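There are 6 protein chains.
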Amino acid sequence: MRRDGRTNAQLRPVKITRGVVKYAEGSALIEAGNTRVICTATIEETVPPFLKDKGKGWVTAEYGMLPRSTHTRMNRDGRGGKPNGRTLEIQRLIGRAMRSVVDLSLIGERSFLIDCDVVQADGGTRTASITGAYVCFIDALRFAARNGMIKKIPQIDYVAAVSVGVVDGQPMLDLCYEEDKDADVDMNIVMTGAGKYVEVQGTAEGSPFTGNTLNELLELARIGIEGLVGIQKEVLKDEFVSGN
Amino acid sequence: MRRDGRTNAQLRPVKITRGVVKYAEGSALIEAGNTRVICTATIEETVPPFLKDKGKGWVTAEYGMLPRSTHTRMNRDGRGGKPNGRTLEIQRLIGRAMRSVVDLSLIGERSFLIDCDVVQADGGTRTASITGAYVCFIDALRFAARNGMIKKIPQIDYVAAVSVGVVDGQPMLDLCYEEDKDADVDMNIVMTGAGKYVEVQGTAEGSPFTGNTLNELLELARIGIEGLVGIQKEVLKDEFVSGN
Amino acid sequence: MRRDGRTNAQLRPVKITRGVVKYAEGSALIEAGNTRVICTATIEETVPPFLKDKGKGWVTAEYGMLPRSTHTRMNRDGRGGKPNGRTLEIQRLIGRAMRSVVDLSLIGERSFLIDCDVVQADGGTRTASITGAYVCFIDALRFAARNGMIKKIPQIDYVAAVSVGVVDGQPMLDLCYEEDKDADVDMNIVMTGAGKYVEVQGTAEGSPFTGNTLNELLELARIGIEGLVGIQKEVLKDEFVSGN
Amino acid sequence: MRRDGRTNAQLRPVKITRGVVKYAEGSALIEAGNTRVICTATIEETVPPFLKDKGKGWVTAEYGMLPRSTHTRMNRDGRGGKPNGRTLEIQRLIGRAMRSVVDLSLIGERSFLIDCDVVQADGGTRTASITGAYVCFIDALRFAARNGMIKKIPQIDYVAAVSVGVVDGQPMLDLCYEEDKDADVDMNIVMTGAGKYVEVQGTAEGSPFTGNTLNELLELARIGIEGLVGIQKEVLKDEFVSGN
Amino acid sequence: MRRDGRTNAQLRPVKITRGVVKYAEGSALIEAGNTRVICTATIEETVPPFLKDKGKGWVTAEYGMLPRSTHTRMNRDGRGGKPNGRTLEIQRLIGRAMRSVVDLSLIGERSFLIDCDVVQADGGTRTASITGAYVCFIDALRFAARNGMIKKIPQIDYVAAVSVGVVDGQPMLDLCYEEDKDADVDMNIVMTGAGKYVEVQGTAEGSPFTGNTLNELLELARIGIEGLVGIQKEVLKDEFVSGN
Amino acid sequence: MRRDGRTNAQLRPVKITRGVVKYAEGSALIEAGNTRVICTATIEETVPPFLKDKGKGWVTAEYGMLPRSTHTRMNRDGRGGKPNGRTLEIQRLIGRAMRSVVDLSLIGERSFLIDCDVVQADGGTRTASITGAYVCFIDALRFAARNGMIKKIPQIDYVAAVSVGVVDGQPMLDLCYEEDKDADVDMNIVMTGAGKYVEVQGTAEGSPFTGNTLNELLELARIGIEGLVGIQKEVLKDEFVSGN
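Protein chains in written order, with our numbering: chain Z, 258 to 501; chain F, 258 to 501; chain U, 258 to 501; chain R, 258 to 501; chain H, 258 to 501; chain A, 258 to 501.
What the hints contain is simulated information worked out from the structure, not anything from laboratory work. Some hints could be false.
Since the list can't tell identical chains apart, any single copy or any two copies may satisfy a pair.
[As the list claims (entries may be wrong)] Cut-off 20 Å, straight-line C-alpha distance, at most; resulting in silico cross-link-like pairs (DMTMM-like, lysine to aspartate or glutamate):
no. : residue 1 : residue 2
1   : Lys272    : Glu366
2   : Lys408    : Glu496
3   : Lys490    : Glu288
4   : Lys409    : Asp261
5   : Lys309    : Asp360
6   : Lys313    : Asp437
These figures come from a predicted structure and were not determined experimentally.
Bound-form chain Z, shown alone (with noise of 0.2 Å):
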């Protein structure tokens, strides 16, 4: 049993909703067990200078956490310079998982800028952020379709993210701080909705790890990701209105 008495292979609680920032082209606060994430899509009229007159569009995240999301207290991160390596790398992360589910040759020359703000951080805060910004992201391209910007919804399939971990020598999914902190091995995936990978990224705290146990924890993200992708394909069945 863990330490919230879930088991290796159970989800925390999960539950988003979409519309959470009027003016925003879409939203939505995804709360993933203790955690916490404010995420919204802002579509600009411009794309970066190495897409110009390319005909393509791009999707670019950044990612942000309130003070005191955390146990402790944090700098406001990037205050006084650029955000630290940290920062920078779930950015990435969240801007090539949206990417990487849109045909972005169908939605013209123009970004899709998505916010990930984390109000309260209680571990797996990259992939939150990540199964969140899905959501405003498809609602933000309604709002495209709605409003005669695009002719239709460029979407190639789902995408969610989740970690997994081996604590206390146990495959486990889905960490949630306590656990995080003390994971032997720390792994996060991004996977669509067919089962696809678009990210691997995993890292031996302690001691490395065999091959074995990784087939476990791919297995155990399989598991997870599939039930997100349900959550997300419940959450956006019904065309939403934004206040914007």
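The hints should help you fit chains F, U, R, H and A onto chain Z, whose structure is shown.
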């Protein structure tokens, strides 16, 4: 009649919810119309250098806006350098307001750090921040008392803040964004529960204003502060034990 | 009697000298007691992006202190990053004050940039900066008129600034540094020659203050501004042709 | 046949030269095809704050590219601010790899700082950095042992890294730049001499990939690491006394 | 005849006024033609880390230009980052010049910090800064002696600086801005009262120059320095008690 | 006899190798004793703003040291801000030296960017950088001629640099680090093949020096430059076709 149906001397609906972030020593969500601010209070066992070994404590504040709290997405203020002038001004204002209603010599050599993060901005974010900050600050003081850090709550008075201004030639209380952007005079008042001034900041955006106008605005502010302090008293009447 | 022998409603000796920096379109040295500020005005043939193609001009300001203008040497503000909050606040204050007394639609798409650099600081540097800035600004406008850049001097009114405060329980005009550091209430007033308010900024440093105190301070400020505007009128009465 | 005549499971020619920088406690030049990286190890008698008084040591790394190591000149990363996200990611990766194969409790309260500077970049600079870093790190540990700083070399295992990827639909080992820029899947594996994983980082650049592809890539990586560790063993078999 | 009527070996009129900033331990205004620089000296009871516990003192300098000291307004150097290369070069030059004429082992573990701020720039600001800095530095040493911080003034020699250059094919002394911008060779010499070199910095702006030209320029510099040291001696002959 | 057995007028062994970085338009490794610098030249089809539409080209330089090029590891200069004053000074020196021996009006509106990166530092890194930079710069000019970017090589003269100094009371040529750190006078001379001065930079580190000493140092420098230009001529006599 105003844009949103209020009379000139009427506040927007205000709601304050305590305990919204489980790790903070005090936290509050303040909603004033469509403006929403998350306020948290953190206790740190240090004081700034100028207070070292003086036997006194300190209160300071940081203020931020989520990028999509506004109609048009803003860049994350301070990423890549110091926060801008407006942010620094607001941070110092919140800090001074909190320090004006506690006896700093009774809180020991420690600091209370208030974070105000705007989730949705519809005018009056700095004044809502002060009104909400007061609530989480009191909760953090009660936390300190419960945990033996301080002997008694060194609360001298209540403190709240409100904006007033001249819009379409009319003095008005508690401007929303649509009113604020057209205001000829823009004023923020910070006042104690006893009706004394902590801050008076008035600016002629268009043309300079007379002493009579100043007096009318100060009277509207007094009415607004009375209402806000009433809500603070109601919200704070029960001891609240946060999860931390 | 005050520390330096003045009565409570008495300004320090003020002297304004025009033309102190030969390359500037306008320049003035203001001496108010031991406070000395060099003010220069520069005309630039650009406007900020938000005014592009609007047919209007702009006035902005920068403020700095020489490192040894103060009792203890200060670091050069802004070296290694953005200027601090106090500097940014003062810069915006000077700019707003200048803009409040000219008709920006009559100066063409160009900017007037005012620099105020404090050589010696004995309290009231921000208010002396405003009072001095006005003089060099008018000289730069006259330069523009002489050189055919503008058709007429778009001067609506005079503008000056002064500090007032409560020291040892007494409301006083034009605080020197020794008074300022002990003040219970500290207030800066920017007012036009016609006696209208441009800015009212009052802060309780120690304990909050009553409406009566506010009224007494506003009356002292009015007296001070009258004196300062009188000096501006005297100093500006002759056309001055700078060397540039 | 690949662009440079290799088979899919073949490494580029690899050469490691020890002692290339006379002042460093350990140094190595690694050449992998046209990729060339100078690695140096520095011993510092301090540890990061979080290890203070814990009786343990630390290993950290910095990574840089000479501006003209690439086809098109790059700006010096980090000049004018923090290094970019890619650099920070690589630095943390190198540090974790080194820490995974030594017993940090046996090196005393001191830090080993590895610098990897790319002179010429033809793909695989991060993995070459790790493979070369290991060699100079061992030399620095031997330096420490010779000089009585540590009692024994706390070496647990060898560690090397290699890239694998899917190019033109084919899984391949050790991508050169021309292959890397066209890869559909890009993966970096850090593995010990005993064949255990330290890091698994795979990214779908184009479309998501299946579990079967993942397995094929992991097998190619295993083959490559075996070859690289063989070279490390050969190169390190003699004690080397650097000039310092 | 030169642009301003001087002969090739003639200095501009030079005037040095002591005690111009009342709070500084030493201060001087140097006027050399239209160039005007305010120099102040501050005594700080610390030394840089590399001199800790060595029983010696240090002298360092900062240099700045008011934005409108020049024909075209300059940005405030260093706001938003480090000062530019020219400023850093000048700062180090002033510091070295001051350190060359005092016995640092006699001033105790303290630092003298010289600030040179250019109010009006007509060429030769770095050399005027050195010549003026020397005067305020000596006044600060005398302040230290009067106040018992040091036993005697550890003055070894006088030091001054001057520019020389080749303009219109002619070697000339003490270039004004109009001459400086057209110079083929530009040289700054720092020399002691005894005629020894502290710094020789010559640059061919256009085409390289011969050894003969170098000798002619060094002779002109010698003449100029003699004149400047004569003025320093005259100005410093009386003990001066600053207001601080 | 000197620390390393040389006579006072003797250079260290110097070796220059062309074509060491395959992607650069020109590259050279210069070894002067134990000092080693990698120099590369990059051609960019832009000029700085002040040369826009003037029909002329430009040459600029950047300089860096690998962290462990020195006895004690240095921080990467410029990470987290602008490079330090020494780096900026050296960069400007290299650029001016290159510009002094080409006719910029014959290279079109393009820039040559020289990068000098020190791999191992044993004194004289700035002068070795200049001597090596010249070689890769000529190779880049030849690349430009071969590729039809310019009609002829606009080479006016050779240019090299060397340090001289007074150590243990003796004037010496080409100081190594051990000599440099004890030098009383430190001087860097940049001179053309025709024996004309481009730069003369001499500094009294300890006590000021006489005109006689200056003359002896200049004569030693002349001897050294002659030797270095001889090596440049030998190395550059064959056309070299880099791999790019």
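Out of the numbered hints, which ones does the structure contradict? 1, 4 and 6
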